[in-house]
Amino acid sequence: MKAMILAAGMGSRLMPLTLTIPKPMLPIANKPSLEHIIDLCKRHNITKIKMNLFHLPEAVDHYFRGGEDFGVEISYSIEKRLWGTAGGIKRVQSFFDETFVVLMGDGLTNIDLTAMLKFHREKGAKATIAVKPVEDPSRYGVVVTDENNAIKSFQEKPKKEEAKSNLINLGIYILEPEILDLVPPKEEYDFGHQLFPKLLELNTPFYAFHTDAAWDDIGGLMDYWRVNLDVIEGKVPGYEFKGEELKKGVFVHPSTKIDKKTLEKITAPVLIGRDVEINSGVEITGPAVIGDEVCLESGVSVIKSVVLNNTWVGKGIEIKDSVVNKNYHLSVPNNFGTYIDDDKVLKVHRIVPFRVKLDQFLINITDRIVGFFALLFLSPLFLVTAILIKLDSPGPVFYISKRLRSPAIEKRGKHWYVYYKEKSVKYYVFRTMYTDADRRVKELKNKYQSGPFIKIENDPRVTRVGRILRKTSIDELPLFWNVLKGSMSLVGIWALPVYEAQHLLEKGLKAGEGEESIDLTDVSQLRFEGKLGIAGFWQARGRSNLTAEERAIHDSFQSVLDENVVAGNNYLGEYSEFPTYKGYIKMLIETFNAVVRRTGAE
Amino acid sequence: MNFLVEEVSGINVVRIAIPRATADVSKEFKSVLFDLIDNKNVQKVIVDFGKVDFADSSFLGTLVSGLKKCSANKGDIKILSLQPPVRAMFELTRLYKVFEIFDNEQDAIKSF
Numbered sequence: 001m002k003a004m005i006l007a008a009g010m011g012s013r014l015m016p017l018t019l020t021i022p023k024p025m026l027p028i029a030n031k032p033s034l035e036h037i038i039d040l041c042k043r044h045n046i047t048k049i050k051m052n053l054f055h056l057p058e059a060v061d062h063y064f065r066g067g068e069d070f071g072v073e074i075s076y077s078i079e080k081r082l083w084g085t086a087g088g089i090k091r092v093q094s095f096f097d098e099t100f101v102v103l104m105g106d107g108l109t110n111i112d113l114t115a116m117l118k119f120h121r122e123k124g125a126k127a128t129i130a131v132k133p134v135e136d137p138s139r140y141g142v143v144v145t146d147e148n149n150a151i152k153s154f155q156e157k158p159k160k161e162e163a164k165s166n167l168i169n170l171g172i173y174i175l176e177p178e179i180l181d182l183v184p185p186k187e188e189y190d191f192g193h194q195l196f197p198k199l200l201e202l203n204t205p206f207y208a209f210h211t212d213a214a215w216d217d218i219g220g221l222m223d224y225w226r227v228n229l230d231v232i233e234g235k236v237p238g239y240e241f242k243g244e245e246l247k248k249g250v251f252v253h254p255s256t257k258i259d260k261k262t263l264e265k266i267t268a269p270v271l272i273g274r275d276v277e278i279n280s281g282v283e284i285t286g287p288a289v290i291g292d293e294v295c296l297e298s299g300v301s302v303i304k305s306v307v308l309n310n311t312w313v314g315k316g317i318e319i320k321d322s323v324v325n326k327n328y329h330l331s332v333p334n335n336f337g338t339y340i341d342d343d344k345v346l347k348v349h350r351i352v353p354f355r356v357k358l359d360q361f362l363i364n365i366t367d368r369i370v371g372f373f374a375l376l377f378l379s380p381l382f383l384v385t386a387i388l389i390k391l392d393s394p395g396p397v398f399y400i401s402k403r404l405r406s407p408a409i410e411k412r413g414k415h416w417y418v419y420y421k422e423k424s425v426k427y428y429v430f431r432t433m434y435t436d437a438d439r440r441v442k443e444l445k446n447k448y449q450s451g452p453f454i455k456i457e458n459d460p461r462v463t464r465v466g467r468i469l470r471k472t473s474i475d476e477l478p479l480f481w482n483v484l485k486g487s488m489s490l491v492g493i494w495a496l497p498v499y500e501a502q503h504l505l506e507k508g509l510k511a512g513e514g515e516e517s518i519d520l521t522d523v524s525q526l527r528f529e530g531k532l533g534i535a536g537f538w539q540a541r542g543r544s545n546l547t548a549e550e551r552a553i554h555d556s557f558q559s560v561l562d563e564n565v566v567a568g569n570n571y572l573g574e575y576s577e578f579p580t581y582k583g584y585i586k587m588l589i590e591t592f593n594a595v596v597r598r599t600g601a602e
Numbered sequence: 603m604n605f606l607v608e609e610v611s612g613i614n615v616v617r618i619a620i621p622r623a624t625a626d627v628s629k630e631f632k633s634v635l636f637d638l639i640d641n642k643n644v645q646k647v648i649v650d651f652g653k654v655d656f657a658d659s660s661f662l663g664t665l666v667s668g669l670k671k672c673s674a675n676k677g678d679i680k681i682l683s684l685q686p687p688v689r690a691m692f693e694l695t696r697l698y699k700v701f702e703i704f705d706n707e708q709d710a711i712k713s714f
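Keeping their order, the protein sequence lines are chains A and B.
Take the first sequence: its position 502, counted from the start at 1, is 502 in my numbering, and no numbers get skipped.
Just so we're on the same page, my numbering is the position in the second sequence counted from 1, plus 602.
Derived from the structure by calculation, the hints contain no laboratory data.
It should be emphasised that the depicted structure is a prediction, and the values quoted were computed from it without experimental measurement.
We treat Cβ as the ideally placed atom computed from N, Cα and C, and that holds for glycine.
Be a bit skeptical, because a hint or two may be false.
If the Cβ cut is set under 10 Å, some of the chain B residues that face chain A in the computed set are [unchecked claim]: (1) S659; (2) S660; (3) N675; (4) D678; (5) P687; (6) V688; (7) R696.
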């Protein structure tokens with residue numbers, strides 16, 4: 001039997017957690033729910049798995065890759081738009097040449113798939129749905145069967161008193177491949193609303209498999225929090241968690257060191273992940289889950305909460321009835337999520353491997369040395385340039401350009417609020433425009449180009465000397481001052497002027513036309529996470545000949561890569577060398593060559 | 603003006619008029635609060651967070667130093683209208699145990 005895992009949902013009811021983590025990757029007892037589902041498949045000898053992904057697919061691909069480390073074979077179907085539960089499977093129909101099971105990637109279950117398959121075969125069913133009796137079925141899809149468990153009808157979220165049965169559809173199906181012939185291609189199509197009524201109409205052998213297995217579809221924050229606590233309280237049989245049992249009900253990963261005194265202040269049941277730092281006076285009152293690479297500063301209390309990976313919690317902070325992920329705090333009783341923009345309270349905590357630290361140190365030193373000598377050797381040229389600028393047009397020699405490290409972001413929903421401060425840097429460049437240039441940029445932008453990146457040919461705002469400076473890139477040479485100061489690196493992502501950054505953030509980017517167009521908004525925002533520098537992928541690959549979309553993608557890849565190299569994982573093909581020292585040097589040489597050839601400049 | 607002081611039924615209400623009560627305005631808040639307590643000898647203060655989307659620990663620290671001063675004068679500071687993100691900060695920093703918090707201005711006034 002093969003498996004299809006539906007992992008394309010947006011998880012909008014778990015915002016703002018799902019802004020950065022796709023819902024199936026949210027950990028339950030320190031393991032993504034998707035991994036629990038894959039483990040379940042493996043336990044039942046299902047090793048060929050297809051998954052459809054939509055929101056933040058990189059995160060899933062990056063974690064599971066081909067499934068090698070999980071003892072299964074995984075392939076992916078990346079959706080550019082949502083195709084519905086059945087529509088998503090139809091797109092990869094050729095994969096399903098035998099009986100297959102459909103599972104939700106973002107739920108929790110320990111259903112006996114072997115028994116379900118046996119039932120499916122005994123009944124000679126073409127389709128089997130797993131059902132479970134519940135007290136109040138009003139939140140679910142209700143399944144009505146006859147005495148032989150053949151399905152007779154469905155009810156969608158009926159009122160409790162109107163429900164014709166107490167059996168609910170768990171969203172776990174076993175299907176014969178020919179069932180997919182009934183699904184129209186290239187159309188959004190749903191199991192519950194479209195395919196199943198059709199099966200009834202056609203009198204297809206269609207059965208309900210009764211189970212009393214643990215099952216939760218993890219709708220909102222309350223469910224997510226509850227499921228985590230249930231698992232570590234041992235309420236869900238079949239879930240084992242990694243760790244040594246240091247005292248009854250307190251499971252700790254071997255890499256995390258806890259002294260006796262601290263252990264006394266931990267009240268079971270508690271699960272503590274890998275490489276966790278717990279300082280003096282910390283109290284943990286279970287049920288509680290502490291993720292991997294978490295740091296709890298002295299005096300922190302964690303009470304009935306879930307602290308996710310890479311979270312740092314500041315001195316004396318109390319986390320109670322909450323889910324915390326890095327800067328995000330979600331209060332369960334208030335049903336509200338907030339980005340805590342205060343690094344004394346919550347922040348990101350990462351354990352950087354020595355190799356990466358060493359490379360960062362070497363890069364830093366090289367930046368300063370090259371910056372110093374560049375300024376020294378270029379100083380005569382700077383002097384001449386300064387005189388020419390002064391003679392050519394009135395105004396100062398240098399232009400202070402405010403660039404955004406990242407723009408301010410404010411987003412809110414009914415149950416969440418996110419605000420990131422604007423982070424900016426000042427760049428010193430030689431003035432190449434008349435002094436009133438900034439004021440006119442908006443007009444010109446409308447006139448010349450629709451994209452967010454402004455490079456206007458024969459720009460009337462540019463002075464005569466300015467034109468030469470730009471052509472030779474001499475105008476940007478004072479940036480070495482920022483490199484020497486340490487506010488930017490020689491290699492990194494170009495900081496955008498305010499209007500360009502805002503535009504990219506608000507309008508996003510689209511590449512391609514019509515059906516084939518890809519929305520790059522999420523991708524392009526990643527660029528703001530990268531470190532700043534003079535030369536990046538696009539500068540090294542031919543300067544401004546690239547389209548705005550290509551630049552955004554290059555920048556974003558670079559950002560993603562910075563993050564992942566820190567996490568100790570290299571991927572993304574050709575970009576994988578960066579920002580190792582070797583990659584940094586290579587990028588410097590490539591950029592130097594590109595500048596010398598003057599490809600694309602003006 | 604980032605802070606407006608209003609007298610309601612003989613109690614001084616400090617209304618925070620900006621959405622982000624953070625380190626940038628802590629100093630100004632301190633001078634407003636301390637001016638009331640030190641120079642005007644005010645004992646009963648309500649701080650109204652109704653318009654605030656987010657407050658950081660620096661700002662809340664100023665609030666605590668104001669409370670200390672006020673208590674020394676045998677007075678008290680009470681808190682009014684916390685939006686969920688501000689409430690989260692009061693909970694994380696355990697300040698909900700230090701301050702009395704009200705959703706309704708009349709209740710806050712009556713509590714003195």
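So, going through the hints one by one against the coordinates:
| no. | hint | in the structure |
| --- | --- | --- |
| 1 | S659 | 5 Å, holds |
| 2 | S660 | 8 Å, holds |
| 3 | N675 | 26 Å, violated |
| 4 | D678 | 23 Å, violated |
| 5 | P687 | 4 Å, holds |
| 6 | V688 | 9 Å, holds |
| 7 | R696 | 5 Å, holds |
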